[in-house]
Amino acid sequence: MTLELFSQYLLAGVTYGIIYAIVGIGFNIIYNTTGIINFAQGEFVMLGGMTAISLTQWLPLPLAIGAAVVVVMLIGALVEILFIRWLDRPSVLRMIIITIGISILIREAALHIWGDGVRSLPYFAGNEITTIQVLGARVSPQVLWVIGVCAVMVLALSLFFKYTLQGKKMQACAANRMAATLCGISTKNMVTLSFMLSAGIGALAGCVMSPITYTQYDIGTGLAIKGFTVAILGGLGSSMAAVTAGLLLGLIEAFSVSVVPLAFQDAIAITLLLAILFFRPHGLFGSKDAAGLKEF
Amino acid sequence: MLLEVNNLNRRFGGLQAVSDVNFSVHPGMIKAVIGPNGAGKTTLFNLISGALPPSSGAIHFKGLPIHGLPPFRIAERGMARTYQNIKLCPGMTALENVMIGRHCRSRAGFISGMLNLPWTRREEIAIREKSLELLALLDIADLAEVEATSLAFGQQRAVEFARALAMEPELLLLDEPAAGLNIYETAEVARLISTINQRGITVLLVEHDMSLVMDISHEIVVLSFGQKIAEGTPAEIQHNSEVIKIYLGEDDA
Amino acid sequence: MKRHLPLALLVLTAIGVQQLTHATGTAFYLTPLTMAAYYSLVIVGLCLLMGYAGQISLGHAGFFAIGGYLSAMLTTRDLTPYQDNPVLVLLDKLGCTVTGQDMFGGAVLHVHPWAAFACAILITIAVAYGIGIPVLKLKGHYLAMATLGFGIIVYRLVLASPLFGEADGISEVPAFPLFPGLAVSGGFESRVSNYYLAWGMVACAMWLLANLIHSRVGRALRAIHGAEDATNAMGVNTARYKLNTFVISAVLAAVAGIFLTHYNGGIGPSEAGIMKSVRYVAIVAIGGMANLWGALVMGSLLNIMSLRGMFGSYDDAVFGLILIVIMLFAPRGLLGLSLPQGLKRLLKRGE
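Residue numbers (my numbering), protein chains in the order written: chain X, 1 to 296; chain H, 1 to 253; chain S, 1 to 351.
Please note: incorrect hints may appear among the correct ones.
[What the hints assert, rightly or not] BS3-like mimics (lysine-lysine), calculated; alpha carbons at most 30 angstroms apart, straight line:
#1 X:K169 / S:K139
#2 X:K188 / X:K162
#3 X:K188 / S:K139
#4 H:K62 / H:K130
#5 X:K168 / X:K188
#6 X:K188 / X:K169
In short, the hints are calculated from the structure, not lab data.
Please work from the sequences and hints to get the whole structure.
And the structure:
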């Protein structure tokens, strides 16, 4: 393998990997405050891209993206308020089925609004054929946008959880919901906030990736499976481990291109997911004892 | 010897819940395990019934090793248990709950169950009759068709008792059978345990209620912080200075 | 026997509907009715798994596809080039092959549908055990995701394999001669016999499953659903019971896949899709989870409506919406909610 090819694979792996990481973190944020796996997580990414694409008709690109993120955050809040908030201690099975239903509804709505065609946002800088030299490989500057924006998001999130009051409240809910309630934290509002936050980061990732990966109404399921793989790989609930896991999955996928036919690409992530679930359901980096407290 | 526990250990992370415990249960006796809260009594029961694997040590039942076996295998060999916080199956009637207990004493499988063969029908009728009999023994025959988890606490306890008896066990493990019961109900439970014992079922029980334990048991094991500190007849235990110390506190404390 | 009352009702309804279509000259309804019967097989199997054993599967379309695709592939592929292969010679000797003619009159060699059926079922059982042993150790979200992953892998495999016709699927699947005088095929003249065959199979499956849930095994399954630890301590091999139930429901799905493929004369990748799996789950939920007859009634109704194109392009959206509404407002299913008391009692007695 030449150095150039190696760099090419490396950058592709990091690009996809960091997107998977963002989806995985989205899973974790909601899981931490509610104990729910939100099967509609991938749909937020799709909605972000689609909404921004539509808004570019009227707004300049940065504004369109900003507005799309806000819109998707509101949708996230709406989903929580309409379908989750008022349920009294629902069973896991019920929540799985409800969030699957939500993902179908969002997907079908997208199909009827935007059709089944492939769409994309314009490149943030230059166009399809603009390339820059990175590590000896020629790549689109959009790759740097994706990596940069996602990295900033990860950093911002970790600061948010560490230093802001809201972030600490959410952490408290995750650690012990009952204790948080007794301390006067409105856990219900924290849950709404967690849906908005994970919808927002999903939407932003959906926007920056759109020019290179394109956006279609049904990309959500695939992203959700990969995001979930990443979340499990890192140990469910642990957001920073999801970043490492995301990059790992992205790199495995990118470097396997030379071995595995393209059509079977998705099977890699799923095989990895099944293997993890069978052998280490507490994750590669998670501790077994801590995982014993969660419900597998 | 019906049950033999040798050098049994169980750790949870840094906590030694059961530490080098040894004791044995003769067939036909009522043996009690007592100790303050957190002494490791329920953990000991979970180890014996197979719900938890021991960290080290051995458990022999009827002369054969059972440590490391899954609970259903141990149940098949003739050991039944009840739970401190009653575990009945929701959505099933009291009768159906007791009928579950007959599982290891019957044999209809997937195929014969689907085909509803004549012998499976006969077996099913026998299961039902035996279960009704046990409900009658516990004076709750009139509750047979009521959903089990909607019953009053004492009645649920009785259903769980009947379910364990339906297994026709040789050894019955009772985890705090009098917890949450008033003194009349407790006396009733004591009478019941003695009756069961007279029918030839060996009983090992964990209990907080000292009067119950002292009244009915033949032998007592005392645990404290996972260790066995005394073993003997009720009279011996009542006069054991170690035991008095852990229950009443040290003199100079 | 009380539990045979709904079965008798099912048989009478099936006959009544056929007579009605005959009398009103609307025999074209028999085709969606027959297809709905086969889908109902998948649904009642899944109902046993979800409602009674309490295990969700978001990959049942995968088993349907394994059955359908294997049977379609084996009965359409020309084996003439491998004629001297010892395995094929052996199959030939056992009478497991059929010779036919292609459209140019050349001789072609296929596997006999019965042999293909046996092969597909055996592979389904093997896959179900292979997947089930690790997967059923998981609970909740993990089980859902693992079965979803299995479903996606099957979908990707059929979509990417030339052997299975990629995006086009497999067409021109021959009729399945069950025994002289009755073949599974979508031909105009065999419409009535196929209708009765399909609903006869449903009645058979319902009889077997209704017996099962009222047996010692069914009781153990319901107990596992409610209190797994305690049930294990009562002497029930919970892992094996869950696994066997999983395999039974997988086999029912595969049988449905095989018969429907021969009935339709083909199968496409959408049959393996996630939406199909989700749809099966939705219907079981609407029927009330632990309610075989509810699942059957709701499954037949919704599938017939869907096959008749009543939901138009909102087909998937309708099922998504139903899923949410039922789970939000009536987690015990539609029948648990709105049926008049008398009818409800009747159904309950039939259980």
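Status of the hints after comparison with the structure:
1. For the proposed pair K169 (chain X) and K139 (chain S), the alpha carbon gap of about 29 angstroms is at most 30 angstroms, so the pair holds.
2. This hinted pair checks out: K188 (chain X) and K162 (chain X) have alpha carbons roughly 21 angstroms apart, not beyond 30 angstroms.
3. Under the criterion of a C-alpha separation no larger than 30 angstroms, the hint pairing K188 (chain X) with K139 (chain S) is consistent with the structure, at around 26 angstroms.
4. Taking the CA atoms of K62 (chain H) and K130 (chain H), the gap is near 26 angstroms; set against the 30 angstroms cutoff, the hint holds.
5. With a CA separation close to 15 angstroms, the supplied pair K168 (chain X) and K188 (chain X) stays within the 30 angstroms bound.
6. The hinted pair formed by K188 (chain X) and K169 (chain X) meets the criterion: a straight-line CA distance of about 12 angstroms does not exceed 30 angstroms.
Going through the hint list in order, the structure satisfies each hint without exception.
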